[in-house]
Amino acid sequence: MTQMVQFIAVLLAAFGMVSVGWLVLGALVLPGGCAGRIVIDARGDGEGLEQAVKAALWLERSGLWWGAVVIEDAGLSEAGAALARALAEETGVAFTGDAPDRV
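Throughout the sequence shown, residue numbering follows this note's numbering, covering -11 to 91 in sequence.
Please keep in mind that the hints were generated in silico from the structure rather than gathered at the bench.
Any given hint could turn out to be false.
What the hints assert, rightly or not - For each label pair, taking beta carbons as the anchor points, the in silico distance ranges come out as:
#1 G36 - A(-3): 46 to 56 Å
#2 F(-5) - R25: 48 to 58 Å
#3 V(-7) - V17: 13 to 23 Å
#4 D29 - Q(-6): 53 to 63 Å
#5 A2 - E66: 50 to 60 Å
#6 F(-5) - E48: 52 to 62 Å
#7 A56 - M(-11): 18 to 28 Å
#8 F3 - W46: 20 to 30 Å
The beta carbon of each residue, even a glycine, is placed where N, CA and C say it ideally should be.
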């Protein structure tokens, strides 16, 4: 029984070491920072806007990407602009809104 416990402990330790090595390698390979940004063009009533913003923020939280997330008004209706403003306020992303040619 103790051999089985030792075997499992060794497997867990090996998995832990490989995981830590993978994280260190990932940190070395990824760029330290960038001046880039994700620009989400929002149109109409903002269909899919919330999902796009959440996906971009997930990339940022997971450490796969660093930079700013921007919602850009590319012809939003009043309801779409209200949604974009609410998302920007709730999530902390920038909203470059209020295009003059409101639908």
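ask   = That 48 to 58 Å hint for F(-5) and R25 (C-beta), does it hold up?
value = 49 Å Cβ-Cβ, so the 48 to 58 Å window holds.
request  = Starting from the range 46 to 56 Å, see whether the pair G36 and A(-3) falls in it by beta-carbon distance.
outcome  = 47 Å Cβ-Cβ, so the 46 to 56 Å window holds.
request  = Using the Cβ atoms, figure out if F(-5) sits within 52 to 62 Å of E48.
outcome  = violated, 40 Å
ask   = That 53 to 63 Å hint for D29 and Q(-6) (C-beta), does it hold up?
value = Holds, since D29 and Q(-6) (Cβ atoms, about 57 Å apart) stay within the stated range.
inquiry  = The hint says 20 to 30 Å between F3 and W46; measuring C-beta to C-beta, is that right?
reply    = Once the Cβ atoms are compared, 25 Å apart, the range 20 to 30 Å for W46 and F3 holds.
query = Should the hint that A56 and M(-11) are 18 to 28 Å apart at their CB atoms be regarded as holding?
reply = violated, 56 Å
query = Has the hinted range 13 to 23 Å been met by the Cβ atoms of V(-7) and V17?
reply = violated, 36 Å
key: Consistency of beta-carbon spacing, E66 to A2, with hint 50 to 60 Å   = The hinted range 50 to 60 Å holds for A2 and E66, with Cβ atoms some 58 Å apart.
The structure is inconsistent with the numbered hints 3, 6 and 7, although it conforms to all the rest.
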